[in-house]
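Participant: Residues per chain, in single letters:
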Amino acid sequence: MPEEPKRINMVQAINLALREEMQRDGNVIILGEDVGTDGGVFRVTDGLMKEFGPERVMDTPLSESGIVGTAIGMAVYGLRPVAEIQFMGFIYAALDQIYAHAARIRSRSRGRYSCPLVVRTPYGAGIKPPELHSESAEAFFCHMPGVKVVVPSTPYNAKGLLKSSIRDPDPVIFLESTRLYRLIKEEVPADDYTVPLGKARIVREGRDVTVISWGSMLHRSLQAVEGIDAEVLDLMTLNPLDEETIFKSVRKTGRVVIVHEAPKTCGFGAEISAAIAEDAMLYLKAPIMRVTGYDAVIPLPRLEDYYMPTISRVRKALEEVIKY
Amino acid sequence: MPEEPKRINMVQAINLALREEMQRDGNVIILGEDVGTDGGVFRVTDGLMKEFGPERVMDTPLSESGIVGTAIGMAVYGLRPVAEIQFMGFIYAALDQIYAHAARIRSRSRGRYSCPLVVRTPYGAGIKPPELHSESAEAFFCHMPGVKVVVPSTPYNAKGLLKSSIRDPDPVIFLESTRLYRLIKEEVPADDYTVPLGKARIVREGRDVTVISWGSMLHRSLQAVEGIDAEVLDLMTLNPLDEETIFKSVRKTGRVVIVHEAPKTCGFGAEISAAIAEDAMLYLKAPIMRVTGYDAVIPLPRLEDYYMPTISRVRKALEEVIKY
Amino acid sequence: MPESIIESINVKRLEILDVNGDVDSSLMPALSDNEIKRMYELLVLARTFDERALHLQREGRLGTYAPILGQEASQIGSAFALEKTDWVFPSFREMGVYIAMGYPIHMLFQYWGGDERGLITPSDLNIFPICIPVGTHIPHAAGAAIAAKHKGDKVAAVAYFGDGGTSKGDFHEGFNMAGVFKAPAVFICQNNQWAISVPRQRQSASKTLAQKAFSYGFEGIQVDGNDIFAVYKATKDALKKAKSGNGPTFIECFTYRMTHHTTADDATRYRKDDEVASWKPRDPVLRLKLFMAKKGLWTEQYQKETEDKAKVIIDKAVSEEESIKPPFPGDMISYTYEKLTPRQAKQIKDF
Amino acid sequence: MPESIIESINVKRLEILDVNGDVDSSLMPALSDNEIKRMYELLVLARTFDERALHLQREGRLGTYAPILGQEASQIGSAFALEKTDWVFPSFREMGVYIAMGYPIHMLFQYWGGDERGLITPSDLNIFPICIPVGTHIPHAAGAAIAAKHKGDKVAAVAYFGDGGTSKGDFHEGFNMAGVFKAPAVFICQNNQWAISVPRQRQSASKTLAQKAFSYGFEGIQVDGNDIFAVYKATKDALKKAKSGNGPTFIECFTYRMTHHTTADDATRYRKDDEVASWKPRDPVLRLKLFMAKKGLWTEQYQKETEDKAKVIIDKAVSEEESIKPPFPGDMISYTYEKLTPRQAKQIKDF
Ligand SMILES: Cc1ncc(C[n+]2csc(CCOP(=O)(O)OP(=O)(O)O)c2C)c(N)n1
Ligand SMILES: Cc1ncc(C[n+]2csc(CCOP(=O)(O)OP(=O)(O)O)c2C)c(N)n1
Ligand SMILES: [Mg+2]
Ligand SMILES: [Mg+2]
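Residue numbers (our numbering), protein chains in the order written: chain A, 1 to 324; chain B, 1 to 324; chain C, 1 to 351; chain D, 1 to 351.
Where hints are given, some of them may not hold.
Said to hold, decoys possible - What follows is a list of derived Cβ distance ranges for each label pair:
id : chain 1 : residue 1 : chain 2 : residue 2 : range
1  : D       : Lys309    : A       : Thr194    : 55 to 61 Å
2  : B       : Lys6      : C       : Lys325    : 54 to 60 Å
3  : A       : Arg201    : D       : Pro122    : 42 to 48 Å
4  : D       : Lys311    : C       : Lys207    : 36 to 42 Å
5  : B       : Lys185    : D       : Glu59     : 51 to 57 Å
6  : B       : Asp192    : A       : Lys128    : 47 to 53 Å
7  : D       : Ser244    : A       : Glu244    : 51 to 57 Å
8  : B       : Gln23     : D       : Thr268    : 54 to 60 Å
For the record, the hints were derived by calculation from the structure and aren't laboratory data. Just so it is clear, CB atoms sit at the ideal spot from N, CA and C, and this is done for glycine as well.
Sequences are here, hints too, so could you generate the full structure?
Facilitator: As structure tokens, then:
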């Protein structure tokens, strides 16, 4: 008999997904800085060391490349490691391991080996932390063939997507918005459901414009579309991209606004726009607008709010494409 | 009296630029693996250690992150380091230093410090080397505010752009196509000219379609447009992007094909396409097509030729947009 | 000799001032009474700053803050040995170093208040902007040191980092560069026994951190990090060695982080009160006070004056910081490159 | 004790078989005559492979190739101590290891001919695909070793790399992980004195490479890398230690790269013939031959048979390789993920 769903936040939902997967499969192990005794700096892994012991929840040295590199060895050997990078700003040191190795082991060995590895990391702005604690670098990973990129925007989906990521046979970068960690509570079933990778979701149907977003910016987009007949998509998986759902919506609305918090130039918004400009151009009634972070490093707390797309910037873009 | 221009290849042109800049400015120094006694694995730095001594042409340990990190310290201190990463596939280990530091020192210190650093690295396919010796990862750097990205396609421009890069007050990633190193010879003046960063060049004027490319793929594009009234742009600097020249051409032709060898998804072609779809949409008469590497890791030599955009793939795209 | 010893390494530890305030006079560095008083006043000032920063953070006037409680001797002792012309590469927990170098204190509050302008190092100092990613500034120090050598400047580059920092690849690559190029660099690790919740012995299986230097062909030494004279002496010697062309030195200051990792952390989740309590008697300020009292340099009156002076300085810095106009939002864009890119020029119009 | 020694480290070097073919019998590992002959035959086979590969490269039938000449004892000696179930993490210069492990030789030609299918390790072996970026596979070995421990498998993970590899951050981070988690790992460095044009002493200022292990709390040892018995013994001991739960070991095989870095390199640009010549008498194959001759295990006849056998094996491998159908171009796409992405499904239609 499944337990009653509880209203929980994203931290709790991710914790639940980890716990359930660790119960289900003895090969699932967690490693990272402060994930054990401390339960993670955001408490995402709280209680797991107690339940599963230090061999399955491993506090590592301060060593991002080493964490991912070690996890690669574990994954290829036959475990299902879930590595945590404490903040996305520190994942850059592990890009070499991710792109030169995790992404390529299957292809390098023509399928003889695979690398079922999940790298979880908190991303994005909104909690006024120190420098390099607010990065939104998803586009790098989307340009790495061999890597999947997942960004949940709600507790329910966070749980289901993380379970799918852990079971996926290939490396997955799993991005958790620090702003959303405790912002939203919703009912999350305590049973074993998954949310498939590679599928976007239509959060709100509409006819006049398609708004495409993910993670933390999804909620800002939803606020911005109030009073507008907008269709809002939550991509959830950025790579592989669910072009089908996007194109279907574009065929309906003919207008597109993409919202993300990463810098504009070469952000993932560019790929979405280019995909539409290439394969769904015929249906467009207006330019494809991107509302994004500026082409600048995200500033310290005093200016943080100016950096992220604001509701008014999103609305301005919506109005512009609609009146076009 | 300026010397007679000589017909030289890109390796020689880059060597000349380095030599001239080192003669001009005692702060210019070179560091990297095998750049000294050996003169670089492609001989780009040949003879420089002999001329300038081991204090200005430094053979370093095998240490990409260390090379860039050390160069950052030198640059901020007041030197003008030109760091070589032996192949672009090994630059991933230095991305953290490039993005978390080189790119941010000016902004982090609100202009108190700057980081005039050039990172040169051979990129791209075409010489049938071992794995990870054919990467084309320019898009990563274009998504790093604070970094400039330069890709020459001819000896003349290589010399002029490298000189501008060395004199630039900000970090520049300078990509040298291995395929082009010895492919083309042209007259390169032995005097002190520069080619400005941030400006694209129109290699061939035309009315029916705009072909946008850079580095090695420019030459393939030029072969593919034979018999077509195509305008061909060589971006030369990817970031900052010369949108003005692009939009002007698009306004004229209304059709765009972008050619690059990096994987398609989130490649730099996406940004160009998105920029046009946002700001020059009105003038488009056809979808914006991208002819690129596949969404896969570039294979070993046996399949290399299948990976890169072929002339026939470019032609197919040209025909498609023209007949549209 | 088929099985032979081809290299022997001895790792030293230096202590001068003990918990009772007595010194080993054979090792005691030459310091005038005034210098010793200056050291003490800096310790008190740094501690006063630290307390105020925690206070302001609780009031929501600063962001996350990383306190230095317990580590003051490691910071003041080493910085006291530096010249203003030396290049300093701090991590985020070096407020004592900043204060000892004479950095404007209101700018430290400004930085922790979330304003980059707090990092505009005054032109008479060479302090690199604070490095948030652990350990990654070590190669910068190596590079600056090589550059200084190249230019013939008689300065050293000094990097500060924690025990956690020794695990990063950049520690390795930076140390190796410094060793190979005999750079005039001094690497100072404040081994405060913890990297957030990870204890020193799980950070590395090596017996000491100091010994890691020998892997790069230069010397590492452990000092009692709560002993300001030992830290001062080790740093002074290392700087002299660096500036006379004899290459880098690694100094492990064996100390303790007496409170939470930062204001966002709860240390009771992962470490025992006992352990913290056991370090209390080793307090670096107390120890210098005992020494000074025995020498007749310390009185209750002096203590009060010193504290009052510190309070005045900190009060003034706080109000100075409060009077600064908020930053212009466009600044986040304008300092990306020397000049705005065409795109940025459009973007900045939002403000 | 204000200045005290808190750690002492002694770095050992092991030699068993000298240049004259004489052994130190107190250290000589237990090896039957047949095993010794097998070692010799593997040395000859590896050298024959190497020569053929260079030949095929010159003919344009292989791509860039990294020869092993001079390093055969380091490779065969260590691999001879491994079990098939052990996990091996090679760099690009480990053809001797592959051959000693019984890897299908035609697949080695296939790989160097530019075909990924050469890296489909047979299911009875656990050899990771060749790692081209220097040193970055060291954490993989640490991870596999931790996983083996986790699963209770009695296997070790063994990583091979060069002297240049010791400079990479991943060497440091991988060693540190292995040390902290007491992983059943063996790290084998073939210090062949050169990393392309960079000599060993400019790669690191440390006296030995072996000593670097002590920074991570485990033992490092240098062995004469041209002495197959010393390499074998050190590896055997390290494997035993690993599998009995006593953690990792680092073995520096002190050897020499007798020829160019790869077929794309010209070593005469950066090193003296004298130096190369001085290593000639230390040839690892010659040395074993002298030993065997003294023991009556080697005759001219045996040499000829061994060479002929090797030639037959290599000939067969070459023709086997030549008969393989060219790869399907779409393969470069299909092995990116377990399943094609929607985009890839469109892209693969080009073939
Ligand atoms: C590269 C990197 N990884 C993770 C973090 C998050 N983090 C901040 S401080 C810290 C621990 C640092 O420990 P240590 O180096 O001992 O310095 P301490 O905080 O004790 O002064 C961690 C993990 C970071 N800032 N940088
Ligand atoms: C990370 C990385 N940087 C640079 C290279 C280019 N490169 C290939 S081999 C080599 C030298 C390697 O030296 P060493 O580790 O001593 O191994 P050896 O070649 O002597 O076997 C270099 C610089 C590389 N493959 N990987
Ligand atoms: Mg610490
Ligand atoms: Mg070598």
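Participant: Are there hints from earlier that the structure breaks, and if so, what are their numbers?
Facilitator: Result: hints 4, 5, 8 break, sorted rising.
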